[in-house]
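A.B. asks: Since the structure of chain P is provided, determine the placement of chain X on it from the hints.
Number of protein chains: 2
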Amino acid sequence: MISKHRSAPRKRSRLTGALFATVLAMIAFTPGPMTIGATARSADPLPSWNNTAAKKSLVDFVAKVTKKGSPDFVAPAERIAVFDNDGTLWSEQPMYFQLLFALDRVKTLAPQHPEWNTTEPFASLLKGDVKGALAGGGEKALMEIMMATHAGMSTQEFGMVVKDWIATARHPVTKRPYTEMIYQPMLELLAYLRANEFKTYIVSGGGIEFIRAFSERVYGIPPEQVIGSSIKTKFQMRGSQPELVRLPAINFIDDGPGKPIGINEHIGRRPIAAFGNSDGDLQMLQWTAAGSGARFCLYVHHTDDVRESAYDRQSHIGKLDKGLDESAQRGWTVVDMKNDWATIFPPAKK
Amino acid sequence: MISKHRSAPRKRSRLTGALFATVLAMIAFTPGPMTIGATARSADPLPSWNNTAAKKSLVDFVAKVTKKGSPDFVAPAERIAVFDNDGTLWSEQPMYFQLLFALDRVKTLAPQHPEWNTTEPFASLLKGDVKGALAGGGEKALMEIMMATHAGMSTQEFGMVVKDWIATARHPVTKRPYTEMIYQPMLELLAYLRANEFKTYIVSGGGIEFIRAFSERVYGIPPEQVIGSSIKTKFQMRGSQPELVRLPAINFIDDGPGKPIGINEHIGRRPIAAFGNSDGDLQMLQWTAAGSGARFCLYVHHTDDVRESAYDRQSHIGKLDKGLDESAQRGWTVVDMKNDWATIFPPAKK
Numbered sequence: 001m002i003s004k005h006r007s008a009p010r011k012r013s014r015l016t017g018a019l020f021a022t023v024l025a026m027i028a029f030t031p032g033p034m035t036i037g038a039t040a041r042s043a044d045p046l047p048s049w050n051n052t053a054a055k056k057s058l059v060d061f062v063a064k065v066t067k068k069g070s071p072d073f074v075a076p077a078e079r080i081a082v083f084d085n086d087g088t089l090w091s092e093q094p095m096y097f098q099l100l101f102a103l104d105r106v107k108t109l110a111p112q113h114p115e116w117n118t119t120e121p122f123a124s125l126l127k128g129d130v131k132g133a134l135a136g137g138g139e140k141a142l143m144e145i146m147m148a149t150h151a152g153m154s155t156q157e158f159g160m161v162v163k164d165w166i167a168t169a170r171h172p173v174t175k176r177p178y179t180e181m182i183y184q185p186m187l188e189l190l191a192y193l194r195a196n197e198f199k200t201y202i203v204s205g206g207g208i209e210f211i212r213a214f215s216e217r218v219y220g221i222p223p224e225q226v227i228g229s230s231i232k233t234k235f236q237m238r239g240s241q242p243e244l245v246r247l248p249a250i251n252f253i254d255d256g257p258g259k260p261i262g263i264n265e266h267i268g269r270r271p272i273a274a275f276g277n278s279d280g281d282l283q284m285l286q287w288t289a290a291g292s293g294a295r296f297c298l299y300v301h302h303t304d305d306v307r308e309s310a311y312d313r314q315s316h317i318g319k320l321d322k323g324l325d326e327s328a329q330r331g332w333t334v335v336d337m338k339n340d341w342a343t344i345f346p347p348a349k350k
Numbered sequence: 001m002i003s004k005h006r007s008a009p010r011k012r013s014r015l016t017g018a019l020f021a022t023v024l025a026m027i028a029f030t031p032g033p034m035t036i037g038a039t040a041r042s043a044d045p046l047p048s049w050n051n052t053a054a055k056k057s058l059v060d061f062v063a064k065v066t067k068k069g070s071p072d073f074v075a076p077a078e079r080i081a082v083f084d085n086d087g088t089l090w091s092e093q094p095m096y097f098q099l100l101f102a103l104d105r106v107k108t109l110a111p112q113h114p115e116w117n118t119t120e121p122f123a124s125l126l127k128g129d130v131k132g133a134l135a136g137g138g139e140k141a142l143m144e145i146m147m148a149t150h151a152g153m154s155t156q157e158f159g160m161v162v163k164d165w166i167a168t169a170r171h172p173v174t175k176r177p178y179t180e181m182i183y184q185p186m187l188e189l190l191a192y193l194r195a196n197e198f199k200t201y202i203v204s205g206g207g208i209e210f211i212r213a214f215s216e217r218v219y220g221i222p223p224e225q226v227i228g229s230s231i232k233t234k235f236q237m238r239g240s241q242p243e244l245v246r247l248p249a250i251n252f253i254d255d256g257p258g259k260p261i262g263i264n265e266h267i268g269r270r271p272i273a274a275f276g277n278s279d280g281d282l283q284m285l286q287w288t289a290a291g292s293g294a295r296f297c298l299y300v301h302h303t304d305d306v307r308e309s310a311y312d313r314q315s316h317i318g319k320l321d322k323g324l325d326e327s328a329q330r331g332w333t334v335v336d337m338k339n340d341w342a343t344i345f346p347p348a349k350k
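Each protein sequence line maps, in turn, to chains P and X.
Be aware that the first sequence starts at 1, since it is given in this note's numbering, and climbs by one per residue.
Be aware that the second sequence starts at 1, since it is given in this note's numbering, and climbs by one per residue.
It is possible that some hints are incorrect.
Put simply, identical chains are the same to the list, so a pair is met inside one copy or across any two.
For lysine-lysine, the following DSS-like pairs were computed, each having C-alpha atoms within a straight-line distance of at most 30 Å [claimed, not checked]:
#1 Lys234 <-> Lys322
#2 Lys163 <-> Lys232
#3 Lys68 <-> Lys163
#4 Lys319 <-> Lys234
#5 Lys56 <-> Lys234
#6 Lys56 <-> Lys232
#7 Lys175 <-> Lys64
#8 Lys56 <-> Lys68
#9 Lys56 <-> Lys107
#10 Lys131 <-> Lys107
#11 Lys234 <-> Lys140
#12 Lys232 <-> Lys140
#13 Lys64 <-> Lys234
#14 Lys234 <-> Lys163
#15 Lys232 <-> Lys319
By construction, these hints were calculated from the structure, which means they are not laboratory data.
Next up, chain P with everything else stripped away, as it sits in the complex (with noise of 0.2 Å):
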């Protein structure tokens, strides 16, 4: 039997951190306006990255690994790619949108919870004050939004609860799905790798069940090819149905030194590439450079705040800051969104 409570608090604070982080430059945050880039189709793979080094960059890495023969060849087995969710292969303001979907179930759920409109910080939620439902309780309170939202169920409830909300659900500032909310650049790198029979992993301080429940259909990664955040199950019988159900206690945290500890126990091979766009992907960057032979380490930097936003060394999500020097120092790839993509988001579908 897992003691849920007593290992519940030691991970709450990183956790917590960066979510109530999240939540205040949510609040404080204005992004740019974002617009839909047109997708131009052709023979080239990655049609929509402009013939900046960026794309060099990554073209002659694939050139090299998969050229027999070559000294830097790697085995298909090998070809390991990496990939952040949260601002590198989808948008992450202005906020994650896992909160957003938080937000959004809390407002589902009350129904079912009379108790929340006279308790913090469910009352000030449902009442749309997010500041106040947090100004009281702090990293407390989110801990609380989180776990209500995310535990209580079993894991094909809850797969089912985030298919539902992603199907319908539309971004606060676009208007648009939060599958549409992703970058046509790296759904074609994805493809590009796949096609050069790379396996393509997705590596998120997001939660994996969250993102498993789209991963294949949106970015065609499957199931056991998502690391993430959990929290612990349980199993169970329900009459004589076996059941796994959702703990309100953390299980682990895939980011920061986090990322290379979840590559290491899920795939058990050192990647040979890796795409990150914030400092909680730095250990993976790191990780993966350090290993013998060809490597790729890249960064999306955010740097357009007319079609997206423009957020680095200072931002309180996806803070940039230490990976830009380490990128410059070693020679990794950082991609200008503005001047390196063509396009941002995919066009809008019927």
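C.D. replies: Just chain X now, with coordinates in the frame of chain P:
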């Protein structure tokens, strides 16, 4: 920062309970002599399986889930098969091989630990007195042995240590390499399933990093398809090199109810076929069986005390009691090793 001291004690008793039983069994248990059967190769993908009901149930299952248009058809991506390791893919007598590794490792490390000559449980172990080593300290002593031999080095170093050991160590009874103490019928089954576009996973109570050191070479199962118990790791820089250091603290016990939890965490899909040999696999089989559509559950029943060992309901190692009852009730396949397997071990390698 992960606190190892707070998390370790709460999970100790289950792990060390199982290990302790193993060691007690080692002292009491006298396995039957093991002989090497001949392997007949033919067009039959399962030549080491006699033509009995067990083999037929396997072949029928594979036929129906792979036949397009069949109501039982399963898309290749969903063809997940999970295998226990100890007692299912390789032998587990006279004790779990990983424990034999730990005992060997104490001897190897002794010169670097002069204090062990006067400290229990190591002093007794080094004199060859396993019983004495454990008589005083019990589970605590066993945990000390495991942590002294499995922690305190990088994941990379540990992998090398296991690879070196498994390349040279010999089984105490048969004097064969451990990698030849595997079941030839199960090797054929793994290959047969993969030829039918199944993805084969190991889901073991044994250590994930221990098994990964040989799973690809021995079973054709790559590291990302191995799920097992783990200790905590910590990301740190050694000079400019990042490394993952193995800490003396349990992270996850992939046994009993832990198996469905590990499967869900790593794969995120429910298997359609599960193979085990003990009550520690029961929840994995129940979890597999509870999915919709065609399912296959199989227990390997150790019934051959001439060619291997015979044990079930009363055994300290690989106890199979509830699993036998549930198999009978639910019509799961139970392999009678004596009658269903023409060959048990592969021929010795030159």
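A.B. asks: Next, verify each hint and record whether it holds.
C.D. replies: Cross-check of the supplied hints:
For a Cα distance limit of 30 Å, the shortest separation of Lys234 from Lys322 across copies, 20 Å, qualifies, whereas the shortest one inside one copy, 38 Å, does not. Taking identical chains as interchangeable, the C-alpha atoms of Lys163 and Lys232 lie at most 30 Å apart only when both belong to the same chain, with a minimum of 21 Å there against 32 Å between chains. Taking the closest pair of Cα atoms, Lys68 and Lys163 come within 30 Å of each other only across two copies (28 Å); inside a single copy the shortest separation is 42 Å, beyond that limit. In this assembly of identical chains, the alpha carbons of Lys319 and Lys234 lie at most 30 Å apart only when taken from different copies (23 Å versus 35 Å within one copy).
Proximity of Lys56 to Lys234 under the C-alpha cut-off of 30 Å is found in neither arrangement, the shortest distances being 48 Å within a copy and 35 Å between copies. In this assembly of identical chains, Lys56 and Lys232 lie within 30 Å of each other by CA distance neither inside one copy nor across copies; the values are 43 Å within and 39 Å between. Taking the shortest alpha-carbon separations for Lys175 and Lys64, neither the intra-copy value of 42 Å nor the inter-copy value of 46 Å comes in at or below 30 Å. Within a single copy, Lys56 and Lys68 get their C-alpha atoms as close as 20 Å, which meets the 30 Å cut-off; across copies the closest is 43 Å, which misses it.
Taking identical chains as interchangeable, the C-alpha atoms of Lys56 and Lys107 are never at most 30 Å apart, the minima being 47 Å within one chain and 54 Å between chains. In the homo-oligomer, the alpha carbons of Lys131 and Lys107 lie at most 30 Å apart inside one protomer (16 Å), although the nearest pairing across protomers, at 61 Å, exceeds that limit. Taking identical chains as interchangeable, the C-alpha atoms of Lys234 and Lys140 lie at most 30 Å apart whether they share a chain (23 Å) or sit on different chains (26 Å). In this assembly of identical chains, the alpha carbons of Lys232 and Lys140 lie at most 30 Å apart whether taken from the same copy (18 Å) or from different copies (26 Å).
For a Cα distance limit of 30 Å, the shortest separation of Lys64 from Lys234 qualifies neither inside one copy, at 46 Å, nor across copies, at 33 Å. When the C-alpha separation of Lys234 and Lys163 is checked against a cutoff of 30 Å, the pair qualifies only within one copy, where the shortest distance is 22 Å, while the shortest distance between copies is 34 Å. For the homomeric pair Lys232 and Lys319, the shortest alpha-carbon distances inside one copy (28 Å) and between copies (28 Å) are both at most 30 Å.
Violated hints for the displayed structure, listed by number in ascending order: 5, 6, 7, 9, 13.
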